[in-house]
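Engineer: Residues per chain, in single letters:
4 protein chains.
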Amino acid sequence: MTKQLNIGMIGYGFMARAHSNAWTNVSHFFDTGYRPVLKAVAARNVSKVRHFAEAWGYESQESDWRHMVERADIDAIDICVPNDLHAEIAIAAAQAGKMVLSEKPLARTEAEGKPMVDAVEKAGVANMVWYNYRRVPAVMLIKQMVESGRLGTIFHYRAKFLQDWTISPDVPQGGQATWRLDVDAAGSGVTGDLLAHCLDTAIWINGGISSLTAMTETFIKERKDAATGENKPVGIDDAAAVLTRFANGSLGTFESTRYARGHKAGYTLEINGEKGSLAWDLHDLNRVQFFDHSVAGAQRGWTNILVTDGDHPYLGKWWVPGLIIGYEHSFTHQVADFLDGVRTSKPAAPTFREALETNRVCDAILASGKSGQWVNL
Amino acid sequence: MTKQLNIGMIGYGFMARAHSNAWTNVSHFFDTGYRPVLKAVAARNVSKVRHFAEAWGYESQESDWRHMVERADIDAIDICVPNDLHAEIAIAAAQAGKMVLSEKPLARTEAEGKPMVDAVEKAGVANMVWYNYRRVPAVMLIKQMVESGRLGTIFHYRAKFLQDWTISPDVPQGGQATWRLDVDAAGSGVTGDLLAHCLDTAIWINGGISSLTAMTETFIKERKDAATGENKPVGIDDAAAVLTRFANGSLGTFESTRYARGHKAGYTLEINGEKGSLAWDLHDLNRVQFFDHSVAGAQRGWTNILVTDGDHPYLGKWWVPGLIIGYEHSFTHQVADFLDGVRTSKPAAPTFREALETNRVCDAILASGKSGQWVNL
Amino acid sequence: MTKQLNIGMIGYGFMARAHSNAWTNVSHFFDTGYRPVLKAVAARNVSKVRHFAEAWGYESQESDWRHMVERADIDAIDICVPNDLHAEIAIAAAQAGKMVLSEKPLARTEAEGKPMVDAVEKAGVANMVWYNYRRVPAVMLIKQMVESGRLGTIFHYRAKFLQDWTISPDVPQGGQATWRLDVDAAGSGVTGDLLAHCLDTAIWINGGISSLTAMTETFIKERKDAATGENKPVGIDDAAAVLTRFANGSLGTFESTRYARGHKAGYTLEINGEKGSLAWDLHDLNRVQFFDHSVAGAQRGWTNILVTDGDHPYLGKWWVPGLIIGYEHSFTHQVADFLDGVRTSKPAAPTFREALETNRVCDAILASGKSGQWVNL
Amino acid sequence: MTKQLNIGMIGYGFMARAHSNAWTNVSHFFDTGYRPVLKAVAARNVSKVRHFAEAWGYESQESDWRHMVERADIDAIDICVPNDLHAEIAIAAAQAGKMVLSEKPLARTEAEGKPMVDAVEKAGVANMVWYNYRRVPAVMLIKQMVESGRLGTIFHYRAKFLQDWTISPDVPQGGQATWRLDVDAAGSGVTGDLLAHCLDTAIWINGGISSLTAMTETFIKERKDAATGENKPVGIDDAAAVLTRFANGSLGTFESTRYARGHKAGYTLEINGEKGSLAWDLHDLNRVQFFDHSVAGAQRGWTNILVTDGDHPYLGKWWVPGLIIGYEHSFTHQVADFLDGVRTSKPAAPTFREALETNRVCDAILASGKSGQWVNL
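Residue numbers (UniProt numbering), protein chains in the order written: chain S, 1 to 377; chain X, 1 to 377; chain Y, 1 to 377; chain L, 1 to 377.
The hints are simulated quantities; they were obtained by calculation from the structure and are not laboratory data. By construction, the Cβ of each residue, glycine as well, lies at the ideal position given by its N, Cα and C atoms. A few of these clues could be false.
To list a few chain L residues with every Cβ distance to chain X over 10 Å, as calculated [to be verified]:
(1) G124
(2) W165
(3) I203
(4) V288
(5) Q299
(6) T351
(7) A367
Pairs of lysine-lysine, DSBU-like flavour, derived with a Cα cap of 35 Å [said to hold, decoys possible]:
(8) Y/K143 - L/K317
(9) L/K3 - Y/K317
(10) X/K48 - X/K221
Work the whole structure out from these sequences, hints included.
Structural biologist: Okay, here's the thing in structure tokens:
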């Protein structure tokens, strides 16, 4: 028997669209035992939220998220607002006994995130952070192959997330579209926005980071405030590069920037082990590159695996071999896993607690970027 | 004011899923003035169609498509059944005054398709054939670039559609999953299934084909009937290769097979003109390769355009630069264009009449494959 | 004991440079038992041939190839002049008891080539045609893998050779740099120049062609004569596309043109068999693409083999893994194999007789291009 | 009038072959005014050096390099021996008035290299270090494009040199083939061997490095001595990763390892500027990737420039468009430039003095790898 699960969405921006799509589509492709229902959406801008509600078929809308958190007909709160609002909402939702799902990063800092973890654990509610790239089938395949020992001892982990959309000094900070450039709303720049993804995947696949040193830079020192039009200092990091040592003895290099011309959503990762290597690129998200050292010498090479077959993770639910899926499917998969977790009481990762670790590493990166010192974690 | 458009789906297989997804999602991303509603689905297998209806939220189901065609609450009939059933259903639906959308190819032969064209034109109902690859943003971008003259005079058009799923002699013919190998149901093999896509795109982009010669082959001469388990002769073409002359003076080469190991949905196309060339590969459907001869000599090359920006066709409706979309989005785009066509009374292509031309070329290919002669069209 | 082998080169153009490089370098890298010595070069233009002789260290020069063929101190004649001169020179050289190496194609037609075969066989002299692409290590690896059965039954063979250097109508015909556009000198256009390479490789790897049909085209009907400056009709084929059936039951498609913008030396080939596929591209000549169907399903894909390891064909003689070699190395390898053939009396392929088969197929292509009929070979 | 230049080679290993090939071939393709003659080769192993001399046509041989340095008939000394011998030989050669060319790195440390610089400058002899990758045509094209301002302000420089040949603990240290693992002979591991190449190119293209922090690692702590067979501690760095700040304000990341399975000679570099980006990969050494932001939005992308045209650096001397060259050609180009430098008295870069800077940065990397501190340069 399929149960209904009523979703209360907070926000109507880019991420709210991606999540709404996932809640809507999951039942069409996955049999999780739950059917999510878009019950309500909350945001202050009444006319914008109405337009959003109509497009997606939300049954109702609220202008204050606090009202929604209180509603008895809401089972799960999905937080799709800027980072500075995650903590307050999540804690209130947990206290109201709702399941809570938060966009990443969990919070602006580890300190801010810790009470969120406490709140959901105290309330005993299902909770998850939307580090969606774990659910890209190619990334999941990499995770499975590493876990099954195909690479042997790991020597290197390497990840980058490169973009180019803030190169112009005319891009403002703050506001609906550019809050990610405002340190108060975002907490940090590329570290929390982009490196956080790289770190979440890395820790998941390669285990904990034990120490690191970082270089951070703000190329453009002043930008207009989107609200006031006045110049004000830029508080975020425009670029960050990090050297890490993992607990398993391997070395890591991480880099993120919004000043790498030609890279749009350039998240790439690579892992080198004794027996082989694996690599992935978000721009070609359906492909895994695999170097298998066990193949006979003259026939060895990097195998380009098109991850679209029925025996690839999640793919049996979609189309037929050769037909690719896109970015938003990673969210649909995450919803499917979340619902499985609710059904089986084996929570889907990353929970708030697991995601807090990424905040901890982000904090260390920003600190090292200032101090120039190695930080032990 | 958004109007409701009630969809009657016939079939519950692979294509019915892709179409249902498109009807469902279009309103979330496109503002067409219509909101499709999944009103009913029809198929003979009652339990399977019930499962399908539940997954997708169809409001009702029918075990006989004839009943659905008669229902007053259905606005549009969407035909997702094997090719041998297209004509009868489409004609009945047109006569009942319904909009009609048919999976490709329009029919098994030009002769079978002609009355379908007559029926929809006589009834004056909106009609369209699901040659979905026209609506892949990268393919649409190619169309626009060719039309705008970026390539100049065209010399060559080249397309292939390669697969490898029927190499095993154990694959049967007929039945739910393998009707494409049964000549009675499918009409032909790779010609109508795969080359038809290549031809539809080619004619759309490069104009009419004036003559051709073809080679066809059936590698495996007998296969089991999926229903009876008895061996019976294979009537379809396993592979086809074609040389063509286009009306614009350019030369074409086309090839399709289900015996090209390593190719899953290997639809590739390339156009060479005086000023440049364009190429596309379905496995990387978000990319266009463009060689622009107007660039300074030492800096010329093939530019890999990642078709994910807001100013690329359809992409402004989806995510942000760098985030790719998948196969099924082409259907959503086709629905969006179909609805725009209904609203504006400028029918979205290809209509039944336009799609009939592809059947005509397919017939010529099969005839030439037998005769060994050039055929003038 | 290393023996000296005295080379008499005829011609000083592009191919004479590539061959001279091979004769010079072979002893530095390969231990064949012979040390080629650049003894003499012959051509009518005394000052140009002197410049060439100085650059390459030829010990002497001749203005008439007939003198060189008579010289007692010459062991081998290497023919690097336009196609219309191959026959006369080769026959004279054979009659003088010299080893004879001819640039490809052997002759303009099978009829012209037949007496060349007779002459070298009657004289019992070593002979070879410079179909150099067989000796690209990646192509040799493909040959070895196909022969060892890695692909199983072959279904498809596909090759193209695309260029774009004659698109401008201002390119003349005839003369030193553009004799390939003059049908009298070249015999044909892309068929003898480019397809001949594709056919030589195809027959070598996949066996004989039993029948074919072809389409040929001359896009630009008149060009200036490089000598007289007067317009005259173009007698060559600018483009050719061919459908073939191989004796082993597989299907072939071949295409060549000089009107494919963006392709420089675009020789690509692909073979599809039951167990796997192999592909190669001259622009990346150190790479083989291999799809191995025997790999576990979820890890299957196209493996990009970088053919630079010591256990790859010829590579043990060059650098270290990862360091690529270039176009001219294929000639050095061919010289090494030729000298091995001389030493062991197992002639290196393709001999004149073997290369005559390619002329036979080229003749059939040109005939079919005119008649529109299938030709049995 | 072409002058003869007599070369005295020291060493007969891998690099001696690459250099000998360059000295031999340069006159065949480049008109520099000089014709190098392989006059003598020196090494202690008499039989091996004889074999080498015969293969390459060296006119004479010496068992002690000191004798060769004294010979009046030698114009230039080319040092192709392990790093620990560079200084003594180079200084002696300079003092004897010879031109001196040294394999890279100049020396094991800046301190060791400084007297070499002094010696050649005091003697006033032509001198050069074989950082050959500057002369890969694609890399030279990048240099020219950056210099011409195509990228605008530079934000990021990124380079890696990845290999995988020392992963097995059975690889010994010391000896002919593996001296690069012996810290006494090599001075360092990947830093001096591989990163030195990356740094030389980076400084050449992007200007000086002002500060850096590094992480270094030795994965395998003990290896057999190739001479004695006894285990001894490994003194080299197996892997190094570096964060840098360039004087022009851009950020750099560098990484090198011999533990990246699947990478053979994996030197890659990328530069991101305001107006565009450029990238290169040694495995595809004839290609440059260029992202040109000035192109119209919908047609922007990474252009894959096949660097084989007559108007590309050095390429006018080789074959025709589309035909690639290999690794060793970079040395031939360097010889051509060196000889031009001698003729014009404008020394070809990098001179000993210029190459000393790379040693200085390598020293800083090794120091930071130990201290964990940023180092100002």
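Engineer: All the hints need checking, so say for each whether the structure fits it.
Structural biologist: Consistency of the hints with the structure:
The claim that L/G124 is not at the interface with chain X holds, since no C-beta of that chain comes within 10 Å of its own (minimum 37 Å). The claim that L/W165 lies off the interface holds: its Cβ sits roughly 30 Å from the closest Cβ of chain X, which is beyond the 10 Å cut-off. Distance check for L/I203 against chain X: the nearest CB is about 24 Å away, which clears 10 Å, and the non-interface claim stands. Once the 10 Å rule is applied to beta carbons, L/V288 is inconsistent with being away from chain X; the minimum gap is 8 Å.
Distance check for L/Q299 against chain X: the nearest CB is about 6 Å away, which does not clear 10 Å, and the non-interface claim fails. Non-interface call for L/T351 relative to chain X: holds, since the shortest CB-CB distance, roughly 28 Å, exceeds 10 Å. No Cβ of chain X approaches the Cβ of L/A367 within 10 Å, the least distance being about 39 Å, so the stated non-interface status holds. Distance hint between Y/K143 and L/K317 is fulfilled; the C-alpha atoms sit about 32 Å from each other, no more than 35 Å.
Proximity of L/K3 to Y/K317 is assessed by CA-CA distance (about 32 Å); at most 35 Å being required, the pair is judged to hold. Taking the CA atoms of X/K48 and X/K221, the gap is about 32 Å. The hint holds against a cut of 35 Å.
Figure legend: structure checked against the earlier numbered hints; hints not met, in rising order: 4 and 5.
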